[in-house]
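One letter stands for each residue in the lines below.
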Amino acid sequence: MTAFLIQNMAPIMFGALVVFLLLGYPVAFALAANGIFFGLIGIQLGLLDASLFQALPDRLWGVMSNDTLLAVPFFTFMGLILERSGMAEDLLDTVGQLFGPLRGGLAFAVIFVGALLAATTGVVAASVISMGLISLPIMLRYGYDRRFASGVIAASGTLAQIIPPSLVLIIMADQLGRSVGDMYAGAFIPGICLAGLYAVFALGVAIFKPAWSPALPLDARRLREPDGSSGTWSFVVLAVLATSAAILFDRFYYVPAYPEAMLDERLVLAAGAGAGFALACAIVNRAFKLGFLSRMAEQVVFVLIPPLALIFLVLGTIFLGWATPTEGGAMGASGALVMALARRRLSFKLTRQAMETTAKLSTFVVFILIGARVFSLTFYGVNGHVWVEHLLLNLPGGQLGFLIVVNILVFLLAFFLDFFELSFIVVPLLGPVAEKLGIDLIWFGVLLGVNMQTSFMHPPFGFALFYLRSVAPARDYIDKITGLRMAPVTTWQIYWGAIPFVLIQLVMVGLLIVFPQMSLVYKSGLPEIDPGKVKFEIPAEQPPDVPEDILKDLQKGTPAGKEKAAPEKGPSAEDKAAEEIEKALKGGK
Amino acid sequence: MAPLLRISALIDALNERVGKAVYWLVLMAVLVSAGNAIIRKVFNMSSNAFLEAQWYLFAAVFLLCSGFTLLRNEHVRIDVIVGRLSPRAQAAVDVFGTLFFLLPMAILFIYLSWPVFVRTYTHGEISTNAGGLMIWPARLLVPIGFTLLAAQGISELIKRIAFLAGKGPDPITRHDAHAAELELAEEIRRIAEAKG
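Taken in order, these protein sequences are the chains called G and C.
In the numbering used here, each residue carries its 1-based index in the first sequence increased by 95.
In the numbering used here, each residue carries its 1-based index in the second sequence increased by 199.
Possibly wrong hints are sitting among the right ones.
Unchecked claim - The calculated lysine-lysine pairs, modelled on BS3-like cross-linking and capped at a C-alpha distance of 30 Å, are:
hint, chain 1, residue 1, chain 2, residue 2
1, C, K219, G, K444
2, C, K240, G, K618
3, G, K575, G, K304
No wet-lab data here; the hints were simulated from the structure.
It should be emphasised that the depicted structure is a prediction, and the values quoted were computed from it without experimental measurement.
Input sequences plus hints: build the corresponding full structure.
Structure follows, in structure tokens:
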């Protein structure tokens, strides 16, 4: 019996974890309890050193001093403030007017705004709720198919998960031990492609099922010229001019002035120049009532400026090397605060609510991580990672076989676990194996990110569906504009609507497996982001007065299993723990 | 039961207060971090104290709010199975989980982290970064945080047992997590209707 236990400690521990989690007690504590319980058994059996748990304070210290994790509260807070600022509503309203006259136009507007909001913040709830409240009623009013409308809204909201900056990417980078900047760069093209695939689907619907997505009727197009024309051409001309301004700025001013400038820096600044040009036109046009721009063009410019400014704060400052990804989150949050204040949408009550939600969300996230650290202390101690590696390395088909199996596994797990749980429990086990198989970890992380995005859309537990359900009409209602009695959106319609988008998601996973180049551009230096550019004034050499007690702790707390595992391990969680302790020694940097 | 329930109410009130005070640190951390980045860029000046302050603040948020989060029942669960059980069965799961999962973890962390705090305090250890902060306040957060968590665990335990004994209301409220989102949705809807 004892021999059997010793032989099979890792599989038994893993099986027990599944039972512990399914009990339905909070995940963080179930994880930690599993680690403690099996740690005690391991000590009894002589498998583990009696001082095993002495390593815990420093593991926790590593979590506390982890700068990357700070991005979680920052982006959450930013998303919540943004939700309260009314920016999304204005965008949806105006962009809906711009695209509305086309067949399927409102669906394109939702996808476009979804992608734009995704590039400002990393929170799903924000976009889904706004779109469900603003766009859905309009889509229903003009006869959109209920399944299609709700699917497009839920899916576009989840783009926030994959288009940088996103919490998934930040946590994935942290767990795989890669830089957040690289993860952003690797996710950029896949994120845009995914939004593109959604648009292709919407186009297909517009062509083959025209009744599902009709164009806005004339009387619903509010932003028209006095003579009744749409004013879209004026916008197109302005867009072309702004693009030219951006290119001219880059070619004839910036490059001659700073020949060493990196491409990413040039892109950010050129985009800034183009946007500045368009804004200047719009302001001049409005201030002097010149009328060289149509109302439509002017309005579109004004609503696009705030999100573009936020994207600059959050992503631009990273590309320019001014801020770390974490600080980008803080800048974005401050920017959102300023914007909400300027729009007089920020009440005391809403701010407090946002802080409370942020505090609770980041607490439960970090506690899952703490629980996972306690679990992994024991699990790696009993060579659990070696067991997992054996299981996965022996899969047929090498790299491809591994990727396919892992993606199917994650897809299925995503029905029950949300992405925090997946990233803290499952990803650290998969990362080292992927690396051993020669898989680029950025590519792998982005792949899992796209896959996990489905966890928001899976009926019946997907959060995006839940949020949409909570704001979509559940009973008959009277439409305010037409005065007609409207049927509700049923829960089943929301579920059915999500299915084509889950399938698109899987297509994207397949495409990304076949074309890793989409992610690997992060290496080629095309959008080159190097957080290393951001220099802190920290002495490179550590002074000799490293607190001895921490070193002592470190030695005492080394799990007994580590020596055995040492020859086989890649950059496993043990290494990460060591890194963390190193970080702790340096005082968090 | 009545005296126990009074203790439980006291603990609830304590964690409610702590949570509502501590969440302001979220805002502070945001401002410190953004301010730090701006000052570094504009004045070409950097301070390790501020870099460390931002994670001290965040550590304070998640450690001190752990009890508050438990009070609000917002530590995520996998409720595929438990969500379908009767309220009594759910309460029983919580009694079991608190006794065998939460309390052992919290007690272990208190037990292990206290000596570390005492050591850093008596040695007056300072971060090794130039101009870094004192270490002990951050070390002290750990035992305090887990004590608040353990206390809240005990309070939840009392409430569950009272419910199982038929002497209290059903303490588990589901989907609390989304209450704020729903409240906000109401707000957006109201504004949208006022406009159009």
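For each hint, the structure was consulted:
Taking the CA atoms of C:K219 and G:K444, the gap is about 12 Å. The hint holds against a cut of 30 Å. Proximity of C:K240 to G:K618 is assessed by CA-CA distance (about 26 Å); at most 30 Å being required, the pair is judged to hold. Using a Cα cut-off of 30 Å, the hinted pair G:K575 and G:K304 holds, with the two alpha carbons roughly 27 Å apart.
The structure agrees with every numbered hint stated previously.
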